[in-house]
Structure formats: C-alpha cells, structure tokens
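Number of protein chains: 2
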Amino acid sequence: MNLFEKHKETLQNAIKAIHERTFFAAFPEHPKAYGEDAPGQGEAQFQQTRNNHFGGLNDKDATGWIGEETSPYTQEKLGVKYPEIDVATLVRNAGKAGKNWRKASPAERAGLLMDSLDKMKDRFFEIGHATQHTTGQSFIMSFQASGPHAADRALEAIALGYHELTRFPENAEWEKPMGKFNVKLKKSWKPVPRGTGLVIGCSTFPVWNSIPGIYASLVTGNPVIVKPHPGAVYPIAIVVACIQQALTDNGLDPDICQLAVDTHGNPVTKKLAEHNNVKLIDYTGGPSFGDYIEKLPGKITFTEKAGVNSVILDSVNSLDPVFQNLSFAISLYSGQMCTAPQNIFIPEGGIKTAEGNLTYEEVVQKLAANIKGLVTHPKMGAGTLGAIQNPATRERVAHAKNLGGHVVLEPEDVQNPEFANALISAPVVVEVDATNKDIFSEERFGPIVLVVKTKDTGHSVELARDLAMEKGAITCGAYTTDAGTREMIAEEMEQAFTPVSFNMVGPIWMNQNAAFSDFHVTGGNPAGNASFTNPEYVNKRFVWVGHREVI
Amino acid sequence: MNLFEKHKETLQNAIKAIHERTFFAAFPEHPKAYGEDAPGQGEAQFQQTRNNHFGGLNDKDATGWIGEETSPYTQEKLGVKYPEIDVATLVRNAGKAGKNWRKASPAERAGLLMDSLDKMKDRFFEIGHATQHTTGQSFIMSFQASGPHAADRALEAIALGYHELTRFPENAEWEKPMGKFNVKLKKSWKPVPRGTGLVIGCSTFPVWNSIPGIYASLVTGNPVIVKPHPGAVYPIAIVVACIQQALTDNGLDPDICQLAVDTHGNPVTKKLAEHNNVKLIDYTGGPSFGDYIEKLPGKITFTEKAGVNSVILDSVNSLDPVFQNLSFAISLYSGQMCTAPQNIFIPEGGIKTAEGNLTYEEVVQKLAANIKGLVTHPKMGAGTLGAIQNPATRERVAHAKNLGGHVVLEPEDVQNPEFANALISAPVVVEVDATNKDIFSEERFGPIVLVVKTKDTGHSVELARDLAMEKGAITCGAYTTDAGTREMIAEEMEQAFTPVSFNMVGPIWMNQNAAFSDFHVTGGNPAGNASFTNPEYVNKRFVWVGHREVI
Numbered sequence: 015m016n017l018f019e020k021h022k023e024t025l026q027n028a029i030k031a032i033h034e035r036t037f038f039a040a041f042p043e044h045p046k047a048y049g050e051d052a053p054g055q056g057e058a059q060f061q062q063t064r065n066n067h068f069g070g071l072n073d074k075d076a077t078g079w080i081g082e083e084t085s086p087y088t089q090e091k092l093g094v095k096y097p098e099i100d101v102a103t104l105v106r107n108a109g110k111a112g113k114n115w116r117k118a119s120p121a122e123r124a125g126l127l128m129d130s131l132d133k134m135k136d137r138f139f140e141i142g143h144a145t146q147h148t149t150g151q152s153f154i155m156s157f158q159a160s161g162p163h164a165a166d167r168a169l170e171a172i173a174l175g176y177h178e179l180t181r182f183p184e185n186a187e188w189e190k191p192m193g194k195f196n197v198k199l200k201k202s203w204k205p206v207p208r209g210t211g212l213v214i215g216c217s218t219f220p221v222w223n224s225i226p227g228i229y230a231s232l233v234t235g236n237p238v239i240v241k242p243h244p245g246a247v248y249p250i251a252i253v254v255a256c257i258q259q260a261l262t263d264n265g266l267d268p269d270i271c272q273l274a275v276d277t278h279g280n281p282v283t284k285k286l287a288e289h290n291n292v293k294l295i296d297y298t299g300g301p302s303f304g305d306y307i308e309k310l311p312g313k314i315t316f317t318e319k320a321g322v323n324s325v326i327l328d329s330v331n332s333l334d335p336v337f338q339n340l341s342f343a344i345s346l347y348s349g350q351m352c353t354a355p356q357n358i359f360i361p362e363g364g365i366k367t368a369e370g371n372l373t374y375e376e377v378v379q380k381l382a383a384n385i386k387g388l389v390t391h392p393k394m395g396a397g398t399l400g401a402i403q404n405p406a407t408r409e410r411v412a413h414a415k416n417l418g419g420h421v422v423l424e425p426e427d428v429q430n431p432e433f434a435n436a437l438i439s440a441p442v443v444v445e446v447d448a449t450n451k452d453i454f455s456e457e458r459f460g461p462i463v464l465v466v467k468t469k470d471t472g473h474s475v476e477l478a479r480d481l482a483m484e485k486g487a488i489t490c491g492a493y494t495t496d497a498g499t500r501e502m503i504a505e506e507m508e509q510a511f512t513p514v515s516f517n518m519v520g521p522i523w524m525n526q527n528a529a530f531s532d533f534h535v536t537g538g539n540p541a542g543n544a545s546f547t548n549p550e551y552v553n554k555r556f557v558w559v560g561h562r563e564v565i
Numbered sequence: 015m016n017l018f019e020k021h022k023e024t025l026q027n028a029i030k031a032i033h034e035r036t037f038f039a040a041f042p043e044h045p046k047a048y049g050e051d052a053p054g055q056g057e058a059q060f061q062q063t064r065n066n067h068f069g070g071l072n073d074k075d076a077t078g079w080i081g082e083e084t085s086p087y088t089q090e091k092l093g094v095k096y097p098e099i100d101v102a103t104l105v106r107n108a109g110k111a112g113k114n115w116r117k118a119s120p121a122e123r124a125g126l127l128m129d130s131l132d133k134m135k136d137r138f139f140e141i142g143h144a145t146q147h148t149t150g151q152s153f154i155m156s157f158q159a160s161g162p163h164a165a166d167r168a169l170e171a172i173a174l175g176y177h178e179l180t181r182f183p184e185n186a187e188w189e190k191p192m193g194k195f196n197v198k199l200k201k202s203w204k205p206v207p208r209g210t211g212l213v214i215g216c217s218t219f220p221v222w223n224s225i226p227g228i229y230a231s232l233v234t235g236n237p238v239i240v241k242p243h244p245g246a247v248y249p250i251a252i253v254v255a256c257i258q259q260a261l262t263d264n265g266l267d268p269d270i271c272q273l274a275v276d277t278h279g280n281p282v283t284k285k286l287a288e289h290n291n292v293k294l295i296d297y298t299g300g301p302s303f304g305d306y307i308e309k310l311p312g313k314i315t316f317t318e319k320a321g322v323n324s325v326i327l328d329s330v331n332s333l334d335p336v337f338q339n340l341s342f343a344i345s346l347y348s349g350q351m352c353t354a355p356q357n358i359f360i361p362e363g364g365i366k367t368a369e370g371n372l373t374y375e376e377v378v379q380k381l382a383a384n385i386k387g388l389v390t391h392p393k394m395g396a397g398t399l400g401a402i403q404n405p406a407t408r409e410r411v412a413h414a415k416n417l418g419g420h421v422v423l424e425p426e427d428v429q430n431p432e433f434a435n436a437l438i439s440a441p442v443v444v445e446v447d448a449t450n451k452d453i454f455s456e457e458r459f460g461p462i463v464l465v466v467k468t469k470d471t472g473h474s475v476e477l478a479r480d481l482a483m484e485k486g487a488i489t490c491g492a493y494t495t496d497a498g499t500r501e502m503i504a505e506e507m508e509q510a511f512t513p514v515s516f517n518m519v520g521p522i523w524m525n526q527n528a529a530f531s532d533f534h535v536t537g538g539n540p541a542g543n544a545s546f547t548n549p550e551y552v553n554k555r556f557v558w559v560g561h562r563e564v565i
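The listed protein sequences correspond, in order, to chains A and B. For the first sequence, this note's numbering begins at 15 and goes up steadily by one. For the second sequence, this note's numbering begins at 15 and goes up steadily by one.
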C-alpha cells in the first residue's frame, strides 16, 4: 500500500473537519495515549542527545557543528550541536532537490508528509523535553504544543494544500459550439510551485509556529529551508530529521527540507531571506524584523509578528469563574504567548454581575487576588508559569513599575521545586488611565497586565478596536451578558479583523487556537499577514498554469 | 422571488464550470442572440449619448462634467461628459456606502450583482459602439469582448467569490472531549471585507480587463471606485450605471460602486491609490505604473502589466493552417492585445513538416506572405486590424525599421472603407538574430513582430522561458508534432509560470482566454501578480474572522 492510500482516510477526515470546523484531532493531546514506554524513551533520547551531535540530519555539506541553546530551567547549556551549512550551499541544494519534488504528485507529497508526522509522533516526548528546555514552557505544555497540537496544525496544512492542489482537473476537454461546428481543445492545468521556501522560527514556539509554513510549502511542491531561532533549535531539528527520514525512505533527496542553524553572533537569516532564489518566507517573531521581511521585494511572505491583545469586561454572571479563567490565560507560560491578553479594559462605573454590581476598584482587586492565588498556589503556580525564555522579558517585568501607572500587583516570588535555577517571573498588574495611551499601546511581551480604566464599555471597545487596527491583535477576550453589546463588540472587532472569545470560563482559554477550527491570526491587521490555515495560506505557494491544444 | 433565487441556477452552473473548466457561457457571444431590435436600439443610444452628458450615474456630488474621448476611427471627439467628483468625496462616499454593503449576505450581494449583469446585457450593443469608438477595436470584437465575454468574466468572479465566501460555515458547535467531560464552544465565522477597492482601467480593454476586479471586490463586500483611462470611459461608465441602477432598485446606496473620471491633464489615479482608506487596487496598464502600484505600502494589489509573448516553431503537419492562425493572432486588433504574440522563434535549420523540411528562410517568407495576404484582403484586412488606440503605437511601428534588425515585411497601407480617417497600422515583421537580445527583450506594444533565428528548438525554448521569467509573459504559442518536445516546452514554460497554446489552428487563437476555463495571466511572472480568476483573486479581498463563546 502506498503512503497516500495508507493515510487517505485521515486526510479526508481532516479536509472534512476543515470545512465543517468541528472538533478534530488526529494526534491525541493526552500523553497516556502514546503508551507506557513512550515517556521513558523520550527522556532517554533527550539525555543522550545533550552534549552531543544531533543525529539524523543530512550533514554531507556540514562545514562544522554549532549550537548554543541554554535551558531556561537550569541555566545550563544543552550542548547539542547541529551541522552548520553555508547559505549558498543550502539554497543550491534546495534548488536541486526541488526539481524532483515538484514532479511528485500532490497525493505522493501528501502521503509522504503524513508519514513524516507518524515519525514525529514517535518522538513527541523527546520533542516535549527539547521544547521545555529551550522555550521554558512546562513539560506538559511543551509536549502538547510542540507535539500533538503542532502535528495537527501540520496535518491541517497538508490537508488544505492537497485539497487546493487537486481542486481543478488535471485535464479536460473544452468544446465550444461555433454554430455549424464545434471547436475542441484539450486542456490541462498544473499547480506549479513558487520556488524555495524559507521558514524562520521563534524562540517561544519553535515547532507550533513553524510547522504550518514548513508543511504548507512542502505539500505545494516547494523545497524548504528551516531557520530556527538559535535559542530553540532542538525541537524543530527533530521534525526536520523526521521529514528527511521520510524522504530518504522513499528514495527522495533529503535536501527537500533542510535545517539552517546559526548563532546569535553570526546570524544567517537576512542572507537567506534576501537570496534571489528564495521565493516564499514564513516568519514568526518581532514586528520590526517582520516588517523588514514583508517589504523584501519579490518575495511572498507569511508573517506572524505581535499584537496587543485586549480583554473587554462589561458584565458577567459570576465573577469568580471569569477571573479564574482570565488569571490562567494571563499566567500561562508567563504571558509569553502571542495570544496572551495584555490590556484589561474595565469601565469606571464597574461591571454588572448576577449577584449585583461591582465597583471598578472591587473588580481590579479581585483580578489581582485571583492572579496572586493562582501563581502562589503550591501545586499550580510554577507549572502554570513555566520559565522565562529570554532574560530581557524578566527585565521588562521588573521595569513595569516605572511605566507610569499604579502597580496593583507586584510580581510574586515563585519557586519551582523541580528546578531551583529556573528563570521565573509572575505577572505584574499595572493600572493605567485610558488617557495614557502610550503606556498600553505597545506590546509588552511577557507577564505584564495593564488594567485600563475607561468611561464605559463603548469606550473600551473603541480603544481595543483602534489598538488592534494600529498595532495588531491576535486575540480579544470579552465578557458580556448583554446580546446587543455582544453583537456590537463582534462587529467593531471585525473591523480590526480580530476574533473575539466571549465569556470564556472553565478549561478553555482565549490563548488557545485549535487546528481545523480556529484561524490563528487573521492576516487582516498588523499582527501578521497570514493565517493558520486559510485557503490563501496554501494557494499563495503555487501558481495555476494551464496549457491547451487543438484537437 | 428574490434576486438570489432568480439567478441561483446560473450561479451554480458557473461554479460547476469553474471547477470542471469545461465550456460555459451565460452570455451568448453571437449578436443575433439578443434579438432583432437590440442592434438598432444600441446604436441609437450611442448616438444620443454623443455630445451629451452621460445619464444614469449618481451625480449628486459632481463638481462639473468632464470627458475627452476621441474615436480612433473618426479622430472626432465623442463629446460625452461624465460627472467629476473629487477624490476625498469619492473615498468618503465609498466608506459610508460600504458600511451597509458589508452587512449584505454573500447571497444578497451575488444576486444583486448578477442582476446588474442582466441590465448590462440589455446594453451590449451600446457598449459595443462605445468600445469601438474609444479602443479602436472592430465593432464585432468590441461587442464580444466588452459585452458577453466581459459579462461572463464578471459572472466568474461573482461565482467563485460566492463559493469562497460560503465555503466555511457561519456557525458550528465545537465539542472537545476532555476525558470525564466535554468542553463546548459555539463558534461563528465571517468573511470580513478588506475595505474600499480601486479599479484602474486601461484604454484598450476598458471593460474586459476591469470588470473582474470590480465584481470580485463587490461580491466580497467591498465598495469600489472605478477609475477608467481618460481615453476609454464610456464603455465602463455603462457598466457602473448598470450596477448603480441595480443597487438603487434594491434600496442600496449607489455609491457602493462609483465612477472616478479624470483627464490626461489632471489625473487622479495616484491620489486615489495612495489614499489611506483604499485597501484593494486592481490595475491594468503599463509596467512602470504597475510596479508603482505593487509597491504601495499597505495595499493588496491585483495587477496585469505587460509581457513579451513568444511563439516557438519546431515542427508542424502543414504550415498553411498554422500561419493562417498565427497571422490572425498577430494582426487581430493590430497586436494591441496583452495576449498577442510578439517574438517568433525559428530554428536556423528550419522546421519539419509532414510535407518535408522547410528552410528557415522559407518559413520566414511564408509567415510574411500570410500576414500580407490577411491584412490586404479586401473583406478581412481592415476588420481584423481595427484601429490604433494611441498614436504612439503607430509611431512605434513606423520606427521598428530602426530597431537594428532586417525588415521582412513593411507595414501594408490598409484603408477602412467605412472610416476614412481611421488610424490604422498593419504589422511590421523584423528579423533579428538571437544574439540581439535587447531588441526582442522588450514589449513593443502594437503590431510589431520579431522573428528570432535560433540554433535549435531547445535554444528557442530557453530564450522564451528566460524572457518570460525576466519580463513576463501572458501567453506562449508552440508548434510541435513531437511528444517529447511538447512535454519539454510545457515544463520549461511552467518554470516561468507561462501557459502554452500548442498547435493552434482553425478559429481559435492563442490571444483568446475563455472565462470559466482559462486562467488569464498566471500571476507568477512579471506580467502581473493576479489571475482571472483563481481562488486567490477573490480570497485576498476579505479576511476570515471567527468568534467563539463557551456554551
């Protein structure tokens, strides 16, 4: 049985789920689903790789071995070294390997790529450890975000790519009546790949944010060069190794997907991005480099930069479940998610609840108390916060008191019992007036929460909408029990192309975006120009070319 | 019956045809299909409008009446005046009108727009005359290109737009198993329009090239400002009037589609294009202005600029039908089509035919003789050539003898018996060596044919491919009886994202691109960044935004 046939049912289910947008997951998120031996094997593999050369990557062109990752939990070097390959070689290899890859049919490509996900599945636990000790996420978050959730996002890209690639017929007869006779043409259409793709990763979500672009470019026939952040190489190196293995197993050139590793001191990203033969660029990271990427001439770009995410508090049934949910959304991975809320807009007149009105001050105090309760909780705190990937983030939290607002909650001192050296930062909550726009109009990456006192909900929405338009937003949370207000918020935030999570309570948070159902980033505001995974995300990677002939 | 129900079957047939890419036409191309009275009524309407204010456009904000069209057939001013509205007013009107248009459902928008095409159908003959006396096309070409063929292209945009807009559900329940319980979310998705669209027209195909962008932006919920070339306003003014009538009939603001008329001396295109509130730009015209449009920051652009179209001669069964076909493709509307062939690559060793080999010289002489025969044919010549829209085109033909090649055929002196003052230019054929790349590497708009002597077919293909990559190409013609060569040509030209018309003979030419089947311009080479009508062409005009709520 060929790989396409083997995976056909899953592919068809994924295509169906994409178009119904109901719940679907090909890769279970619970670690127990992967068998008793998997956790131990994954940890052993992680320990073996530490202070070692990373195995399984095509290293025929390596000029040396480099790597400088540090664990946010131990402050120790991981010591993993990866093949260093120069830019000209990488691009030349991609061009050469791409010649065969473009000839593979969409079904062949989809089958092979789905097989690479099966190989990745066997390494989810290793990926989890590698992610934990590069990003600072907790192990369970690392496992899920870089493992099953990422694999589902990859499958989503394969499935929508396959669907679009096979959307028009390969051949058709076109017969035009001309009165007394007919003109007949034999026509054919081909989705021709754009050319070499470059996928530039970030340090906080090295797999989840890179894998859709990798698989979207690959399924549409483009060779890919994966350029991870030098601080988070290991997790995505495993994915690239799995893809190379699947290629080699099937007699294809592993250079169809290459890993480009660099160091902080000798970065290669610009050289790659500006190379004339690189046609597609996927990018996750800061806005200023993202703006540079978007403006590169002659490139088709897919960016996720940053946004300022807002929460609009209008009215609730009961405040406790709301703030339990919101505190978790704020604290999870210390606000180092692009989807984490930053600005909480609260009307000066307070908010309505089923148990009576709460004043503005009461709401702010309750929010601070809830966050404090969560992060100081002996069983919950350290695991929710994880560790800080970049020391600059911790500095930013420390300096939040100097922003010009009133500090409502100082960052609590939280210890991780498992990792005494973990770099930890609990959220700081700062109250600012709505007139101090410059304070809350910038993304302040990390666990920094700005409570903004507004005139009323209309004012809150106006500020959130305008901010999303000007600075971008990936998510927005809103709490209201009033149907008209709900409709108003939805319509206003749509003008800023920002999705709204309404009345989130329980074990689901505004930070989370599910494959097959939630479009991650809309592509309509400055937070990014692409969306996981809408039709454009795959269609822009190839060109329909039709030939025809008189018959 | 509402408009959507009225047109539903046609819409569904169009969507089906798009995905099967078989022959489909909702608007018959034969003038007789429109009844006995239609031709006379159309001509009467044309005569009434000449030297008059153009009626039927919303002119409440007109600051004056302007118009400076000249007939290429009579050299007389048409004398038609259109409302002049200033840029700030146009953009403000669009923003205001757009607020209601975005609230109309995809079905409401599609139904209303299809109704506007029915109104346009009733004016196909007037559109034909208006097109003839602005572009210089023959009447029958004007009728077909600006009438039924354009309306079919509009329907194609409506149909694919409607299909994409309704591709994902408006609402769905998402239920995730969490072990002992399920999390349930109510989700909704909306295709949110990008914002005001600007459609910039050209002087040679004022309707056919503008109508896909107009309808694509409208069906996806964006208000549109149509900015025609000042030399060819009348034909598209009729279309805008039909759309405004359909809007008014249905209680909607006619400013959802506005006409922005300017003059050569006081152009407004840049002011419109650079306006912050203009988000989408469709453009047809010269490459340098097109490059400016593509580089405008913050705009989503759809361009058709220009290309250098090649014909590759390798081998034929019989040369006569080939050159009859090719001569017509060259001469039709005096090469003023973006799809017209310019460079004819012929191997120095000549070409194989079923009747024996022909030397290079014989092939060139036969081509020249065929063109001469066609353009001097008393019944065929003048009608095929039509008239020259822009005197600069005629100058270019006159100067072709100075290009540095060897003139094989001087432009014949052709008279149009109906229009003594018609500006006419028959093709000039110039022979150049393959080493003189600078001569044949530029688009030389108009009836200028360059015969390029190459080493062999491989050399021809290499030149055609590289030219298409560097300068763009919209079409390519190739003649070969060898299956391997055919495959090689297809693959090489695919690398330049250029469609190939193989072995065209009979009443179908490489210049023609049929709605619902042929992608016009691929969007993959410098000839343009968009394609009539691939999924990207409509998808880029709106953004998927999803909201969700815990239930």
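Any given hint might turn out to be false.
Identical chains share a label here; the pair holds if one copy fits it or two copies do between them.
To be verified - Straight-line C-alpha distance at most 30 angstroms; calculated DSBU-like pairs for lysine-lysine: (1) K451 / K110; (2) K46 / K393; (3) K200 / K46; (4) K74 / K204; (5) K451 / K366; (6) K200 / K91; (7) K91 / K554.
In short, the hints are calculated from the structure, not lab data.
(message) I want to check one pair: K46 and K393. Are their C-alpha atoms no more than 30 angstroms apart within a copy, between two copies, both, or neither?
(response) within (21 angstroms within a copy, 83 angstroms between copies)
(message) I want to check one pair: K74 and K204. Are their C-alpha atoms no more than 30 angstroms apart within a copy, between two copies, both, or neither?
(response) neither (33 angstroms within a copy, 49 angstroms between copies)
(request) First find the shortest C-alpha distance between K200 and K91 inside one copy, then the shortest across copies, and answer within, between, both or neither for a cut-off of 30 angstroms. (result) For K200 and K91, neither the intra-copy (62 angstroms) nor the inter-copy (45 angstroms) Cα distance is at most 30 angstroms.
(message) At most 30 angstroms between alpha carbons: which applies to K451 and K366, within, between, both or neither?
(response) within (26 angstroms within a copy, 76 angstroms between copies)
(request) First find the shortest C-alpha distance between K451 and K110 inside one copy, then the shortest across copies, and answer within, between, both or neither for a cut-off of 30 angstroms. (result) Close across copies (28 angstroms), not inside one copy (52 angstroms); limit 30 angstroms.
(message) Within, between, both or neither: how does the pair K91, K554 come out at a Cα-Cα threshold of 30 angstroms?
(response) Classified as neither: same-chain Cα gap 39 angstroms, cross-chain 45 angstroms, threshold 30 angstroms.
(request) If the cutoff is 30 angstroms on CA atoms, where do K200 and K46 land: within, between, both or neither? Let me know, please. (result) For K200 and K46, only the inter-copy Cα distance (29 angstroms) is at most 30 angstroms; the intra-copy one is 54 angstroms.
The structure is inconsistent with the numbered hints 4, 6 and 7, although it conforms to all the rest.
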